[in-house]
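Asks: Same order as they appear, the protein sequences are chains H and Y. Oh and the first sequence: position 231 is 231 in my numbering, straight run, nothing missing. Oh and the second sequence: position 103 is 103 in my numbering, straight run, nothing missing.
Rather than coming from a laboratory, the hints here were simulated on the basis of the structure. The structure displayed is predicted, hence computed values, not measured ones. Glycine included, every Cβ here is placed at the ideal spot set by N, Cα and C. Treat the hints with caution; some may be incorrect.
[Said to hold, decoys possible] With the C-beta cut set under 10 Å, the calculated list includes, among others, these residues of chain H facing chain Y:
hint	residue
1	M47
2	R50
3	A53
4	D59
5	R99
6	F107
7	R153
Below are the chains, spelled out letter by letter.
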Amino acid sequence: MVREERREVRLEVEIEKKLTDFDLDIAFRVGEKPLSVLGASGAGKTMLLRCVAGIENPDRGRIVLNDRVLFDSKKKIALPARERRVGMLFQNYALFPHRTVSENLCFGIEGEDRASRDAKVTSLTSRMHLGGLETRFPRELSGGEQQRVALARALAIEPEALLLDEPLAALDTHLRSQVETHLQNTFGAYKRPTLLVTHNIEEAYRLGEELLVLARGKVAARGPKEEIFRRPPSVEVARLTGCKNISRAQANSDGSVEALDWGCQLQVANAPAKTPKYVGIRAHHIDFAETSEAKMQSENVFPCRLSQSSETPFRITLFLTLDSRRDISNQDFLQAEIFKEKWQRLRDKPFPWHVRLAPESLFLMAE
Amino acid sequence: MDWSPLWISLATSVTATVLTFVIGLAAAAWRQRRSGISAALVDGIFILPLILPPTVVGFFLLLLFGRNGPLGKFFLTFGATVVFSWPATVIAATVVAFPLMYLTARAALEQVDPHLLQAARTLGASEWRVFREIALPLAWPGMLAGIILSFARALGEFGATLMLAGNIPGKTETIPIAIYFAVEADEIHRALAWCGVDVGISLVLLAALYLWTRQRGPLRAGWGHR
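Turn these sequences into a full structure, and let the hints steer you where they fit.
Replies: Structure below.
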């Protein structure tokens with residue numbers, strides 16, 4: 001039996017680059033698990049990818065892929081993009097419009113002999129479900145097909161790392177889940193450092209196993225995605241990961257927390273490590289106590305009223321005001337997101353409703 | 001009728017167009033990677049022949065290539081005199097047509113989506129391959145416009161040619177110069193005949209171009225116009 005040789009794959013990035021509005025200053029590693037880089041538009045995500053691919057050079061730092069130094073400002077090493085063996089999926093796919101699908105796929109492997117090229121194209125077209133499209137031109141393909149061609153073209157050179165820039169952004173909503181599954185399968189088979197950047201929270205969560213939150217060029221959080229979503233370390237990360245409810249907080253001596261903006265005293269499940277300054281809860285974690293028993297027994301149940309609501313196809317967002325803070329300004333609403341079914345039950349009940357902020361759903365933030 | 005001006009004009013224009021294409025494209029590709037004050041300065045020099053009156057260009061060329069000019073002396077060391085020779089018609093036409101080729105080539109290259117060039121680089125392509133296989137084919141429709149403009153400009157060149165190459169029948173007498181001297185000698189019919197020849201050349205050129213682009217097929221030649 002052939003013993004499988006397992007070499008650790010990794011991409012180490014440690015770069016600084018001056019941008020017009022702020023400085024990019026990032027350090028992280030990626031191994032086999034795909035890493036999602038989540039950040040608002042203009043947070044430096046695309047620049048990060050361009051630096052790794054060798055399209056741009058950082059001002060300072062080091063980029064090492066497996067054992068190869070791609071960039072090192074101290075040793076004055078900056079491999080040109082063509083020598084990096086880093087596959088990049090561009091946001092607009094960057095397919096060569098004057099070449100057919102198979103000519104696009106062959107571009108990176110034209111130095112190889114014909115038989116090897118043909119074998120690779122055949123294997124890629126079947127893996128990427130591109131059979132029958134070989135002689136088409138990019139503009140004759142749908143968005144999803146174009147993306148698969150671009151991905152196949154990047155994989156054809158057998159890159160040692162894969163970079164994806166907003167891989168789902170240019171696709172219609174109905175195509176997204178299909179492409180997403182396909183990407184997940186590709187990553188699963190690929191098992192080399194994969195880095196994808198996106199401003200879309202769901203995309204980041206579904207496609208990456210690890211998550212890096214980027215804010216104004218700096219790493220705001222890095223870790224397993226579940227962990228970051230459950231306990232964002234800062235208000236910035238909480239906001240970037242889609243948390244709608246954040247209040248200034250003050251710890252009480254009995255272990256409870258005073259939510260200053262919501263006007264209530266909260267029991268929390270996990271004692272804070274540092275003095276908390278903020279408390280947050282995700283909109284879909286906000287619950288309602290519907291029976292009188294529940295109202296009496298549960299912790300963190302507060303009478304409230306509905307101020308506004310906004311609907312999406314399956315869910316509804318409710319903007320709630322606690323009775324204790326009837327005077328507060330608009331931005332201090334508590335936002336709850338519930339399914340339509342629950343809304344049907346809730347909508348006809350008389351005020352005050354009773355909102356429940358479950359202690360295990362609350363998270364405290366030190367900054 | 002002496003047909004020599006036709007052959008001289010065609011040979012001059014074709015040679016000048018080929019030269020402007022090569023030099024203009026190289027200059028445009030070079031310029032694309034530069035920026036700043038030196039690039040702007042070079043731009044100014046490159047475009048100057050377009051703005052200056054052809055007689056002024058011709059006079060400068062005469063100073064450069066004349067017996068006492070720096071380039072004239074250089075060619076003299078090989079025993080060659082440029083002024084009043086057929087190559088002089090080519091030089092004049094090339095210099096005058098060059099800015100048109102340079103400007104259109106630059107515009108055409110700048111229009112190519114830089115992401116495509118970057119993608120090609122990440123796929124391992126050398127700069128030469130990126131240029132030849134991606135930038136050039138994609139800039140081609142614009143390039144073609146540059147070629148037509150350059151050829152037309154070279155074919156119509158009069159002032160600079162007369163200054164540098166003079167009017168030597170059978171040697172440097174191109175169609176525009178033949179027309180001018182025919183009119184001056186009151187040979188209106190001869191002038192009209194040469195005008196007709198010029199119109200003919202233009203029509204043939206346009207027809208050939210039309211057929212050529214069609215034959216290459218809409219997929220490759222006209223992909224950008226859909």
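Asks: Run every hint past the structure and note whether it holds.
Replies: Now the hints, each set against the structure:
The beta carbon of H/M47 is not positioned within 10 Å of any beta carbon in chain Y (closest approach about 13 Å), and the interface hint is therefore violated. The beta carbon of H/R50 comes within 8 Å of a beta carbon in chain Y, closer than 10 Å, and the hint placing it at the interface holds. The beta carbon of H/A53 is positioned within 10 Å of a beta carbon in chain Y (closest approach about 5 Å), and the interface hint is therefore held. A cut of 10 Å between beta carbons decides the hint on H/D59: the least distance to chain Y is about 19 Å, and the hint is violated.
The criterion of a C-beta within 10 Å of any C-beta in chain Y is met by H/R99, whose closest approach is roughly 8 Å, and the hint holds. The criterion of a C-beta within 10 Å of any C-beta in chain Y is met by H/F107, whose closest approach is roughly 5 Å, and the hint holds. Annotation: H/R153 was flagged as interfacial toward chain Y, and the flag holds, the nearest CB pair being 7 Å apart, inside 10 Å.
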